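Visitor: Listed below are the residues making up each chain.
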Amino acid sequence: MSALEQLALAVQALWLTLREFRSGRQWAPWLALGALQLAALMALVGFAHPLLSWVLVPMVRAGAGEAALHYPDFFRSLPALYARADQVLGPLAGAVVTGWSTLLFAARWRREPAGAGQAWTRTAPRALTLVLAQLPFQLLVLAFSGLLDRALVGQGGLARRLGYVVGIGGVAGLQAIFLYVPALVVIEGRGLWGAFAGLPRTWMRGFWAALLLGLVALLPLLPLGALGQRSDLLVDRGIPELVGWLTAAQLALGLAMSFLLAGASTLVYLGAVADQPGEAA
Amino acid sequence: MTARSSGRGLRGVACLLALALLGAGCGDSALWARWRAERGSWRARRLVERIEINPRLAGDADWARAAAACRAVVAAFPAAVWTERARAGSPVATDVLASAGGTALLAARLDESRERPGAALEGYERVRREYRAAPAVALGAAVARARLLARLGRSDEAEGAWIAIARDYPAADPRSGTVLDAVLDAPLIVARAWRARGDVAGADSLVRAAERACLELVSAQRGRPAAPGLWSRVGEARSALGDPAGAREALRRALGDPAGVPVAPQLVLALARRALDDGPPDTALAYARWAANDFEGAVRPAALLVAASAWRAGGHADSALAVYEQVVEEGADPDAAIRARYERARLLEELGRWDQARGEYHALAGAAPTHPLAFESMVRVVRHHLERGERGLGMTEAQHALGALDALIASQQDDAVQVRAGATRVRLLLETGDDRGAGSALAALLRRYPEAPLDAGLLMSTAEAAERRPEQMDLAIEFYRAAAVRAVDPESRRRARAAADRLAGAQR
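Protein sequence lines, in the order shown, are assigned to chains X and H.
Just so you know, the first sequence maps onto residues 1 to 281 in our numbering.
Just so you know, the second sequence maps onto residues 1001 to 1508 in our numbering.
Hints listed in this document are in silico derivations from the structure and should not be mistaken for laboratory results.
The hints are all genuine.
Quick list of the computed label-pair ranges, beta carbon to beta carbon:
hint	chain 1	residue 1	chain 2	residue 2	range
1	H	P1262	X	G225	31 to 39 Å
2	X	A39	H	G1118	46 to 54 Å
3	X	W54	H	P1334	55 to 63 Å
Incomplete in silico selection of chain X near chain H, CB under 10 Å:
hint	residue
4	F47
5	A48
6	P50
7	Y71
8	P72
9	D73
Every value quoted in this text rests on a predicted model; they were computed, and no experiment measured them.
Ideal placement from N, C-alpha and C gives every residue a C-beta, glycine not left out.
Bound conformation, chain X alone (with noise of 0.2 Å):
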């Protein structure tokens, strides 16, 4: 398939994905992963309460230092703080949940009949390896976008905006090249090195849908954690616990670009990817 023929499948997946966005059989997965992440940021923005304060506040305070324990300087921490509360949840649950999603969503365009409790059961024995092969994309983010803030520490506004369009650049691409990785595992039923083995195939036939999806994904989340980064202002001048608010919405676009990352990729890689009958190895 070419390019151009990937791109065109790509956004009629996307098309096909977000006409999915009203069934709630295929939002399971990520609602439930929504649930813990709501639970996380609930539990970081009560720390102080005594039923948290004696497992959140030594946390809080290594990762924001003493201020970040004040009213309202917490919540000039609070994107910082959560984000690395996402760095665990993210490669943990959001791994697994993403190969639930994938295995619903492969259901759903087979037109075959699997509920989101049958896709589960179906998904829990191979967490361990759906969470070990999403790993180093995991890993691989955090390294790249720890070496451009380095290499931007002390750049002028130029440097800083071209840092940006390479960091986002980076990032789709780093997600095209393992996107395919749950549907290796959950649809082919592959392992960890099978999974590995599998990708060489996924970007020969569908890297440049892939980089369309993850760029499709990535955009819309940028606004809101421009934002966040202004958390600064909106602690000084506007209601701190807006701050919340604002991280709350970003994880609530964040699941819904899943959605749609998860949906559109899986029937890329049917479509595309996936060796059709006749055609298997």
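Mind docking chain H on chain X? Use the hints.
Guide: Just chain H now, kept in the frame of chain X:
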């Protein structure tokens, strides 16, 4: 089977409860209290600050909500309880106390904004007394109280409050080492008042003590943000002690401190002003030119005004007029432009170029009718004619000014403008010899604004005029009593009180 499963469920719930209780026991309840206190204080502050943007626009509900928010925090974290915990050595308790005290201070500030000076003074005093264990809060309350007393014209009490501040609080925070500006300023403020009423020896001794305190602190503060301020105070002290060279030397030391760079414009301007007050005009002119040419913003027009004064002091009136004109034309700072116009008018008047001077006075009154110098301009025009025996011209100007003032009083909502306009009205009536009208106007002003910060001299003059009219004897007593409260000088206060007592006795 069912009984067994329900038993298992109950055990699960019990385990969860136990875990929760364990968690609650392990958690830091003081930290939670600090969080709630800081949150409550922050929310109360937002409500109060929103009102303070324009108190006139605040409705009853806004005032009530802000007061309730303050009260809730103060009630939830009683000063006595948290003082005890803070004294036991808990830093978190000290923070709680500071938050609660800060909110109590806000409540008093709210009363002050609502023109309830009595309640505000009581509130400040309560905070000062109850939050001693949070020195920053207690000091804040003491300073706010002293300032309010001064604003109310209760200068004796204000002086006492400043003396207490200088006596009761350290000049630097023992915990953080931060210099407490108010404590260092307090003796200088008191000394200024003492000097004004003739107690030069007492004032000098206070100033010397203040200078010593600043010099003791300044070596430890070198390179820190407080250093330039400390040197500036040393300069002020030396200037007050009649050592202008020492004062300028202190300011130059401030300029030489690494922390002086960000405040260099203000320091150079201060040097120019100091040189103008105590030194040769040429020195003042050099510093003023430096400040005007090298720095921007509000410093340039202020420096140009100093330069004009220096030209004036050196006898170069034309150069001074040209600089005033420059400030007006540049218009970078409206207040400086008004001041320049007024000073230009005064200089023209001194030079005998009355037509031009009158034009400037009128232009000023028309351009900025609510500015204090616009009111002053009105009085000067009238006084100029009356002093030269041009009664007809003086009366015409006075009628014109009174009409403008009446229009201003009818159209302006700002209480400060109302008071200034009312006081100017009284002055004009006194100038034109309408003592009866002046008495009635001042009585009306005092009825409407009982706490108005009126000039004690004006109150005395009006009282003396009223005293001459038997039907205004009650007003004369009222004016003398108002002057006795507002006069800065104790001798004036004593005279006013004696006059009020004498008239009251005669009436009995």
